[in-house]
Each structure stands twice: as structure tokens, then as C-alpha cells.
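Trainee: Order-wise, the sequence lines are chains A and B. Take the first sequence: its letters are residues 1 to 294, numbered as in our numbering. Take the second sequence: its letters are residues 1001 to 1299, numbered as in our numbering.
Quick caveat, the hints were computed from the structure, so don't treat them as lab data. All residues carry an ideal CB built from backbone N, CA and C; glycine is no exception. Worth double-checking, as some hints may not be accurate.
[To be verified] Coverage of chain A stretches by chain B, computed from C-beta distances (three or more under 8 Å per stretch; other residues unrestricted):
{"no.": "1", "stretch": "169-176"}
{"no.": "2", "stretch": "249-263"}
[Claimed, not checked] SDA-like cross-link-like pairs, simulated, lysine to any residue; straight-line CA separation at most 20 Å:
{"no.": "3", "chain 1": "B", "residue 1": "1169", "chain 2": "A", "residue 2": "187"}
{"no.": "4", "chain 1": "B", "residue 1": "1100", "chain 2": "A", "residue 2": "118"}
{"no.": "5", "chain 1": "A", "residue 1": "187", "chain 2": "B", "residue 2": "1012"}
{"no.": "6", "chain 1": "B", "residue 1": "1100", "chain 2": "A", "residue 2": "287"}
{"no.": "7", "chain 1": "A", "residue 1": "141", "chain 2": "B", "residue 2": "1254"}
{"no.": "8", "chain 1": "A", "residue 1": "14", "chain 2": "B", "residue 2": "1107"}
{"no.": "9", "chain 1": "B", "residue 1": "1285", "chain 2": "A", "residue 2": "141"}
{"no.": "10", "chain 1": "A", "residue 1": "187", "chain 2": "B", "residue 2": "1183"}
{"no.": "11", "chain 1": "B", "residue 1": "1100", "chain 2": "A", "residue 2": "26"}
{"no.": "12", "chain 1": "B", "residue 1": "1107", "chain 2": "A", "residue 2": "192"}
{"no.": "13", "chain 1": "A", "residue 1": "21", "chain 2": "B", "residue 2": "1100"}
{"no.": "14", "chain 1": "A", "residue 1": "141", "chain 2": "B", "residue 2": "1082"}
{"no.": "15", "chain 1": "B", "residue 1": "1285", "chain 2": "A", "residue 2": "192"}
{"no.": "16", "chain 1": "B", "residue 1": "1015", "chain 2": "A", "residue 2": "29"}
{"no.": "17", "chain 1": "B", "residue 1": "1107", "chain 2": "A", "residue 2": "114"}
{"no.": "18", "chain 1": "B", "residue 1": "1015", "chain 2": "A", "residue 2": "30"}
{"no.": "19", "chain 1": "A", "residue 1": "141", "chain 2": "B", "residue 2": "1258"}
{"no.": "20", "chain 1": "B", "residue 1": "1107", "chain 2": "A", "residue 2": "30"}
{"no.": "21", "chain 1": "B", "residue 1": "1107", "chain 2": "A", "residue 2": "118"}
{"no.": "22", "chain 1": "A", "residue 1": "21", "chain 2": "B", "residue 2": "1285"}
{"no.": "23", "chain 1": "B", "residue 1": "1100", "chain 2": "A", "residue 2": "29"}
[Said to hold, decoys possible] A few chain B residues that don't get close to chain A, going by computed Cβ distances all over 10 Å:
{"no.": "24", "residue": "1169"}
{"no.": "25", "residue": "1214"}
{"no.": "26", "residue": "1227"}
Here are the chains, one letter per residue:
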Amino acid sequence: MSNIPAEQINIPMKRQLIIEKFGFSVLTILTIATVLPIITVVIYIIYLGAPAISWEFLTAMPVDGMRAGGIWPAIVGTFYLTVGTAIFSVPLGIATAIYLSEYASDNRLTRNIRLAIINLAGIPSVVYGLFGLGLFVIFLKFGTSILSASLTLSIMTLPVIISTTEEALHAVPQSFRVVSVSLGATKWQTIRRIILPQAVSGILTGVVLGLERAAGETAPILFTGASFFLPRLPGSPMDATMALPYHLFVISTQVPGMPIQIQYGTVLVLIVFVLIMNIIATVIRSRARARRQW
Amino acid sequence: MSAKKLNLSEVIITKGVQISGLSSILFVLLILFFLISEGVPALFDVPISELLSQRWYPIEGYYGIVPLILGSLVVTLGASIIAVPFGVLTAVFIAEIAPKWLAEILKPLVELLAGLPSVVLGFLGILIVSPFLRDVLKLPTGLTAFTGSLLLGGIAIPTIVSISEDALKNVPVSYRHGSLALGITRWQTIWQVTVPAARTGILTAIMLGLGRTIGETMTVMMVTGNAPVIPDSLRSLFLPIRTMTATIASEMGEVASGSVHYHVLFFIGIVLFVFTMTVNIIASKISSREIKRSERILS
């Protein structure tokens, strides 16, 4: 190697550097091609949807076969479904994560639980819809109702909440547990007073992201609780309800002669709903990172 | 608080937490049970040869699910052809090339795409993508398998990007330093060191992205035209098609519970369940094999 002149080594090196420049530019362009449509779409929707937004559009009942009036019942419905989902999935999800992170030893049962969670995460949303129809609507006789839809969405949301909560619990250093127990605290006291407070922001991020997904889902509520058109607010958890994503599906495919402005207005409201949750999650996460002392 | 009382509540809470831990297994079993108990009767109502026939026309009693399965596969394949290169290369760009500030802008944008409800993508597909494709490609209708693939690609990309990026970030910095110290360029380091080291994570990302695509419902239902035909040539990519998910979603609302059609739709649910489960188990096998390998190296 030592007898090769320096300039001959440099020629392939130069070529490599040119290839590198070229490759970096190609990847930059590809990334722009991936990201640019996302920005364009969001701006486009805001641009076309904003003129439709008015106090009346947000708070009035739909009239004239949904072609006029507002989307109030759909907004309220999505809110109820999100809250309903939270009521069932948050305690169960967090408890499962606590079990996996703090109690479970690495045995076959634990591995099966993990496998079950992976499976739950992978089941298509429409299959959740079938399951909800079979179990909650027909077998348990809840009917097409907010209750059935919330329960279906809860089970779908569980894996997200479990995995993010578990990650947050794992991030708490082991020394915290050791010190707490050595001071005479019981296992549960340690979890309740030491570990959960440290992990709370990570848990909240997971909960919000899970609920964001539930709020935007359509397929699981198609046959379990969504109503095509309901010119009043649901009175109890046993009523069916309108919901923003399903309403968007209905007005963009099932109703002929739907004014385009109402469609874009509905998309905008749905996206804002989702975006707000997304931003909340991001803010909680970054503030927690900044505050963390370990 | 007396010690005894404390003990009692501790025991109750511990039991509660343990029972919650089992709930996931219970739910998977319940889902399986209901799919099977409602779907398997289809096999008694409709002979298997009939189910495997090529015609789906439930009103006249034709329950051939082959076009639906092929429809799902075609759309998924199309989506992966789009999503895999874009997703993996974007992940490489974010993890290896982009300066930190740019990566911090790009990541939330990709997450934003992940957060868009599928019904919104379907809506955009109907109003923007499909008229555009119809005009540009001079098709009779813009609601085609290709339109579905394009939008499903958008659904798979965030999954692929974020998991691949994690995998790339987990490659020890010393690998890169060692490679650069040998005098090769960053570009060569990426393709000869970093990406090969992260390949199992990237594979897992691709499998999970695919799993999401097969199960995606609203978008495909809205933009693929829903015609249950057998895709037999490349041309059928630009014709309407119908997937398993869209069939369940669009027809379940109208069938009487307990009818033949109802059972067949649940049966399609079983097929779908088996498909996504296979993909997910492969994905988790890939990643757990990697863990075992790295444990062996470390020990």
C-alpha cells in the first residue's frame, strides 16, 4: 500500500465525495417529497375550511339533510366518545403497565401478556368493529350506543396506553425504588408516591396520543354506536350518537349535493380536534424532558 | 392508619393490578371467540368451494371472497412499493443526514401525518387525488386500486419512518466513528455500516407498516371504487377494486344479524385477523431474534 502515490488514492476518494453529495441531495429531495404534501394538505384544508367556520356552524344542529346548519351533535358526540374511551381505557391501561413494569417477572405468563398486547395493537380497526358488534351490541344487548362504541374504542386504545405508560415507568431509575423500599415503604406506596409522580408526564403523553387515535377512528364505531343523522344530542350512554369522523364520511360519500364548504369545514374541525391533542402531547413531553432531574 | 389496614388495601390493589395485567389476554381471546363463533357458521351455510370462487355478489348468494383477498393484497403491495422507499429513506435522512434543528422540525411533521384520521385521507382522496389521477392518466374513474395504494402509502410512511429512525438511532455511535476513521465517506458509512446494523429494526418497521395497510378501512373504502373484480393484470391497478376491510365496513350495516351474509362478513374478519396476525408475529419474531443475538454478543 505504501508505494501508491497520494494523488491516486485521492481520485477514488474524490469520486466517493461526489457520490456522497449526490446521494445526500437525492435523500433531501425524497424527504421533501414525503413531508411537503403533509404541510400542503394542512394549509389547503385550513384555507378552504376556515370560511365555513362560524359560531352557527359549530353550535347549530344540521338541517336540510345535513346540507345546511351546523355540526354541533357530531362535535358533542366525538367528545362523549373520547371521554367514554378514557374512562375505560386509562385506568385499565395504566394498571396493566404497572403490572408489567413493577410486578411481573419474566415468565411465560408475562410473555403471553406481551404477545396479547402486540396482537391487540395489530388488529384492524374494522375487526374491532365486528367484535364490538358481536360482544357489546348483540351479546350484552347494549345496542348501538355510546357505551358500546366507547368500550370498543377503549380496547383498541389499550395497547397504545400500555406501551407508552410502561416506557415511562421504565424510565424511572431503579435507585428510586430501592431507596423508597429501604425506607420502609411498601411496594404500592413506592409506586403511588414515588414512581407514578415521576412518570406522570410520560403517561399523560401516551394517554393523549391513544385518545387522539380513538377520536379520529371511524371503522370501530360504524356498527357499534355511530348514527347517520341525529338532529338532537344523545341523552344517555345508551343512545347512539353522531361523531365527527363518521359525519365526514357520510357527508363526503353518502349525501349527494353536499355543499363543498361544509365538507371542508367539517374536516377542519376534525383536524383541529386532533391537532390540539397532538400539541398537548408534544408540550407535556417536552416540558417533562426539560424538568427532569435525573 | 394501622399496619393491618394498610396491608389489606395493599393486597387488594396488588390483586387489582394483577388482574388488569391479564385483561389483554382476555380481550384477545374474546375477540377470537366472537370472530370464530360468528364467522365459522359461514362454513356450514356456504360450501368452501363457493367461498373460494371468484364472484362476490351477496344479493344473489355469491360469496366468493377471492376478489376481496386479492384486492387487499394488491392495494397493500402498491402501498408498500410507495411507502418502503420513501419511509426508509426519509428515516435515513432524519437520523443520519439532517442537522439537528431540521430533524426536530421533520419528526413532528411525520407524527402529524400519523395523527391524521384515515377518514380525512379518504376525503382528500375523493376530492383531490382521484380527480387529479383521472385527468392526468386519462382514466374512466379516479377511484382505483392505485389511488388507494397512494393514500395507504401515506398511512404506512409514519410507522415506517419512526420505527426505522429509532433503529438507526440505536446503532452505537462508535460504529460510525470507527467507519469514518477508516477514511470512508459518511455516505458509505450509512449504507455499509449503519443501515446494515439497523436492518432488523428497519424490517420490523416495514412489517408493522404493512400490517397497518392491510387493516386500513376508511381510506380504501372511500377511494378504491369498491368493485369486487379479480385483479389479473397490471392494468387492473388502474381500475376499481374492493378490499376485505371495505367490504365488511360497507356491508355490515345493512345485513340482518344471523343471516348468511352476516356470517360470511365475520368470516372475512377471521381471514383479515389471520393476515394481520401473521404479519405482526413475523415482525415481533424479527425483532426478538435481534435481541437474542445482541445478548449473545454482549455476554
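Trainee: Now, for every hint given, state plainly whether the structure supports it.
Mentor: The hints, checked one at a time:
| no. | hint | verdict |
| --- | --- | --- |
| 1 | 169-176 | violated (count 0) |
| 2 | 249-263 | holds (count 5) |
| 3 | B:1169 with A:187 | violated (35 Å) |
| 4 | B:1100 with A:118 | violated (32 Å) |
| 5 | A:187 with B:1012 | holds (13 Å) |
| 6 | B:1100 with A:287 | holds (19 Å) |
| 7 | A:141 with B:1254 | holds (19 Å) |
| 8 | A:14 with B:1107 | violated (33 Å) |
| 9 | B:1285 with A:141 | violated (39 Å) |
| 10 | A:187 with B:1183 | violated (54 Å) |
| 11 | B:1100 with A:26 | holds (19 Å) |
| 12 | B:1107 with A:192 | violated (33 Å) |
| 13 | A:21 with B:1100 | holds (19 Å) |
| 14 | A:141 with B:1082 | violated (44 Å) |
| 15 | B:1285 with A:192 | violated (35 Å) |
| 16 | B:1015 with A:29 | violated (55 Å) |
| 17 | B:1107 with A:114 | violated (28 Å) |
| 18 | B:1015 with A:30 | violated (52 Å) |
| 19 | A:141 with B:1258 | holds (15 Å) |
| 20 | B:1107 with A:30 | holds (15 Å) |
| 21 | B:1107 with A:118 | violated (24 Å) |
| 22 | A:21 with B:1285 | violated (37 Å) |
| 23 | B:1100 with A:29 | holds (18 Å) |
| 24 | 1169 | holds (15 Å) |
| 25 | 1214 | violated (7 Å) |
| 26 | 1227 | holds (15 Å) |
The earlier numbered hints that this structure contradicts are 1, 3, 4, 8, 9, 10, 12, 14, 15, 16, 17, 18, 21, 22 and 25.
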